[in-house]
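Here the protein sequences come in this chain order: A and B.
Each residue of the first sequence is one higher than the one before, counting from 9 in my numbering.
Each residue of the second sequence is one higher than the one before, counting from 7 in my numbering.
Rather than coming from a laboratory, the hints here were simulated on the basis of the structure.
The beta-carbon is built from N, C-alpha and C at its ideal position, and this holds for glycine as well.
Certain hints may be false.
To be verified - Dumping the calculated EDC-like pairs for lysine to aspartate or glutamate here, alpha-carbon to alpha-carbon at most 16 Å: (1) K85(B) / E270(A); (2) K29(A) / E88(B); (3) K29(A) / D169(B); (4) K227(B) / E24(B); (5) K85(B) / E34(A); (6) K240(B) / D278(B); (7) K43(B) / E17(B); (8) K267(A) / E88(B); (9) K148(B) / E271(A); (10) K227(B) / D36(B); (11) K221(B) / E88(B); (12) K148(B) / D216(B); (13) K229(B) / E24(B); (14) K43(B) / E321(B); (15) K240(B) / D183(B); (16) K267(A) / E86(B); (17) K199(B) / E44(B); (18) K43(B) / E24(B); (19) K221(B) / E24(B); (20) K89(B) / E134(B); (21) K240(B) / D220(B).
What the hints assert, rightly or not - Per the computed footprint, the stretches of chain A lying under chain B, defined by three or more beta-carbons under 8 Å from a beta-carbon of chain B, are: (22) 71-85; (23) 89-102; (24) 270-279.
Claimed, not checked - Pairwise CB distance ranges, derived in the manner of DEER restraints: (25) L267(B) / W91(A): 48 to 58 Å; (26) S242(B) / R275(A): 36 to 46 Å; (27) A209(A) / N54(B): 48 to 58 Å; (28) V253(A) / S196(B): 50 to 60 Å; (29) N54(B) / E179(A): 42 to 52 Å; (30) S14(A) / M185(B): 38 to 48 Å; (31) F25(B) / S252(A): 21 to 31 Å; (32) A243(A) / K28(B): 23 to 33 Å; (33) K305(B) / Q94(A): 55 to 65 Å.
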Amino acid sequence: MKLQPSIWLRTAYARMWVRTKSIYGEPLWVVVTIGFPLFTSLAMALLYRSTGLNSAVGFAVLGGVMISFWGNVLWSMASQFQWDKQQGLFEIYISSPAPITAILVGMSLGGIIGTAPSAALVAFAGWVFFAPPINPFWPGVIVVFGLTLAALYALGMTLASLYLVYGREAEALNEAIHEPVSLLSGVYFPSIGGFSPFPFALQVVASLIPLTIGMDALRRTLFALPGLPPAGFDAIYLHVIALSVMAGSLLVLAQKALKALEERGRRTGTIAVRQR
Amino acid sequence: MSHGDSKVTVETENLRREFESKQGKIVALDGVSLRVKEGEIFGVLGPNGAGKTTMVRILSTLLLPTAGTARVMGYDVGKEPEKVRPLINSASGAERAGYDFISARGNLWFFSQLYGLPSEEAHRRINELSAMLGLENYLDRKFYALSTGYRQRVTIVRAFVNDPRVVFLDEPTIGLDVMTAISIREFLLSQAKNRGRTIILATHNMSEVDAICDKVAIIDKGKILACDTPSALKRSLGAPALVMEVSPPPPPERLEMLAKLEGVKGYTSTIDEERGISRVQVVVNSDDTAQTVLEATRKSEMNVLSSYRQQTTLEEVFVALVGRGFREREHEVAA
């Protein structure tokens with residue numbers, strides 16, 4: 009299909025606008041998205057502080073920031089097409105000339121914009137209450153943070169296409185994935201590397217999750233050991249490569265999976281849900 | 007793709023669609039061939055389960071045909087969906103597609119962007135179409151706060167927001183009050199007659215077809231049984247239908263003898279529980295046959311309270327073609 013930049017950009021922008029407006033149109037949802045990561049990360053920070061691990065308090069705050077995005081990827085990206093299908097929106101997308109990648113990218117950008125304030129609030133609250141010691145390498149933090157979000161939302165796009173197959177079970181899949189990924193990716197503690205409590209085989213598995221790589225790289229760039237200079241790019245170049253490869257390949261995978269699902273849906277008649 | 011004076015915008019040739027189910031293969035469309043011209047409102051009339059929605063889904067590129075071809079504006083919907091999609095739009099009366107926490111205007115603007123409309127043009131069209139449908143004062147309300155009728159108006163505006171050449175509508179007025187349904191029908195007429203838009207209207211609402219369709223294809227069990235103008239179809243029956251009010255309502259098997267009488271094309275029966283009668287409507291080919299039917303009914307010891315002749319409607323056309331009314335047909339399909 010010939011790419012039409014105008015339709016692509018307009019669709020992506022419009023989908024981003026819808027996502028952002030929808031997030032803020034539901035006050036209760038805003039409270040939930042802020043409350044859940046905020047209180048969990050505060051609890052973890054208190055735990056670290058009470059056990060004397062003051063240098064690890066920052067891990068908890070960073071975990072709260074990143075778990076906000078992970079929750080958004082699962083609940084507002086992965087499940088989105090399934091909900092759209094139930095509402096009759098998916099068939100409107102498919103029968104329009106809008107490229108499906110534009111809709112996915114718009115959903116991602118809207119999700120990032122919609123989640124950013126709650127993530128910022130967690131960071132602000134963590135800083136006010138605990139003032140965790142940081143020793144940042146800001147260029148590295150910015151690059152890794154951007155790449156982690158790209159890889160996470162690309163994963164969300166891939167899951168969105170796969171969840172279309174599972175129908176209403178998608179919600180149960182979200183429940184099933186949320187906690188194990190939070191554990192394996194080490195949101196609140198290092199799950200890979202020298203400080204990981206996991207055996208090597210489990211660390212390899214954990215490394216396949218973009219959040220794991222992103223969290224490890226962010227910890228390295230934000231929380232270098234006191235007295236030592238901040239980490240440079242040499243400490244995170246492997247992370248940067250891994251996250252770039254993950255983001256790129258997941259994007260391609262999401263696009264191909266959706267195309268294949270559309271073709272299958274047109275053959276089997278499963279694009280639309282009969283609503284009466 | 008010209009045909010006569012007008013351009014043919016939608017064309018199907020031996021269109022067939024099968025679905026696999028646990029009960030085996032289901033044939034939803036069976037050799038459907040039709041031609042629709044530019045500016046026509048073309049009705050696809052049939053009971054639930056006749057294959058109307060399947061046809062609309064194939065034409066709107068959501069479903070591939072198992073065999074045969076379907077072309078919209080000259081493009082094959084199966085092989086060239088990307089060329090068809092910018093030229094069409096579709097809507098269903100059953101859909102409630104919209105984002106709840108966004109205004110009707112916001113939703114419509116969003117859908118216009120899927121077609122790449124510049125925002126200024128999109129808002130101009132939204133205002134213009136909304137005014138035609140009496141929606142202008144509700145555009146800034148959140149989608150969830152709209153009543154069923156106004157949501158349906160939003161759906162209709164959505165279907166025309168990109169100024170499509172061909173629009174597919176599946177039961178667009180189902181479940182709506184009379185005034186809303188009339189306003190939607192008037193809107194559809196204006197789009198077809200004033201703007202030359204082709205509208206394919208899949209429905210089981212016979213009065214709607216009668217009121218606005220230029221041509222109608224009567225479909226049952228996936229096959230087109232007849233295709234002509236509503237008036238030509240009604241004229242083809244020859245004589246007005248005979249309606250008998252019978253009390254007490256006879257068991258269905260006693261009415262079966264009606265179908266065996268010469269000149270009877272079919273019959274349908276509805277029970278009026280409040281009055282304790284059965285209204286038996288018999289499609290006949292002549293006034294003499296009507297007389298014969300009346301006498302035969304009385305002879306078979308059914309108490310005919312009254313009888314009258316009724317102006318032919320598309321219901322009688324369907325009864326003449328299938329031998330049963332819509333409701334009986336739907337019960338048969340459901341069983």
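For the pair K305(B) and Q94(A), does the Cβ-Cβ distance stay inside 55 to 65 Å? 57 Å, holds
Pair hint outcome, K148(B) versus D216(B) [Cα-Cα no greater than 16 Å]: 35 Å, violated
Satisfaction of hint between E24(B) and K221(B), Cα-Cα up to 16 Å: At roughly 26 Å apart (the allowed maximum being 16 Å), E24(B) and K221(B) break the hint.
Take the C-alpha atoms of K43(B) and E321(B), compute the straight-line distance between them, and say whether it is at most 16 Å. 25 Å, violated
Measure nothing beyond the straight line between the CA atoms of K199(B) and E44(B); if it is 16 Å or shorter, mark the hint as holding. 10 Å, holds
Are the Cα positions of K267(A) and E86(B) separated by 16 Å at most? 15 Å, holds
Does the Cβ-Cβ separation between L267(B) and W91(A) fall within 48 to 58 Å? Given a distance of about 56 Å, which is inside 48 to 58 Å, the answer is holds.
Are there three or more residues in the stretch 270-279 of chain A whose C-beta lies within less than 8 Å of some C-beta in chain B? It holds: at least three residues are needed, and the stretch 270-279 of chain A offers 6 whose Cβ sits within less than 8 Å of chain B.
Pair hint outcome, K221(B) versus E88(B) [Cα-Cα no greater than 16 Å]: 28 Å, violated
Has the given pair, K240(B) with D183(B), been kept, meaning a C-alpha gap of at most 16 Å? 27 Å, violated
Does E34(A) lie within 16 Å of K85(B) when you go C-alpha to C-alpha? At roughly 42 Å apart (the allowed maximum being 16 Å), E34(A) and K85(B) break the hint.
S14(A) paired with M185(B), Cβ distance criterion 38 to 48 Å: 39 Å, holds
Of the numbered hints stated above, those contradicted by the structure are hints 2, 3, 5, 6, 9, 11, 12, 14, 15, 18, 19, 20, 22, 29, 31, 32, listed in ascending order.
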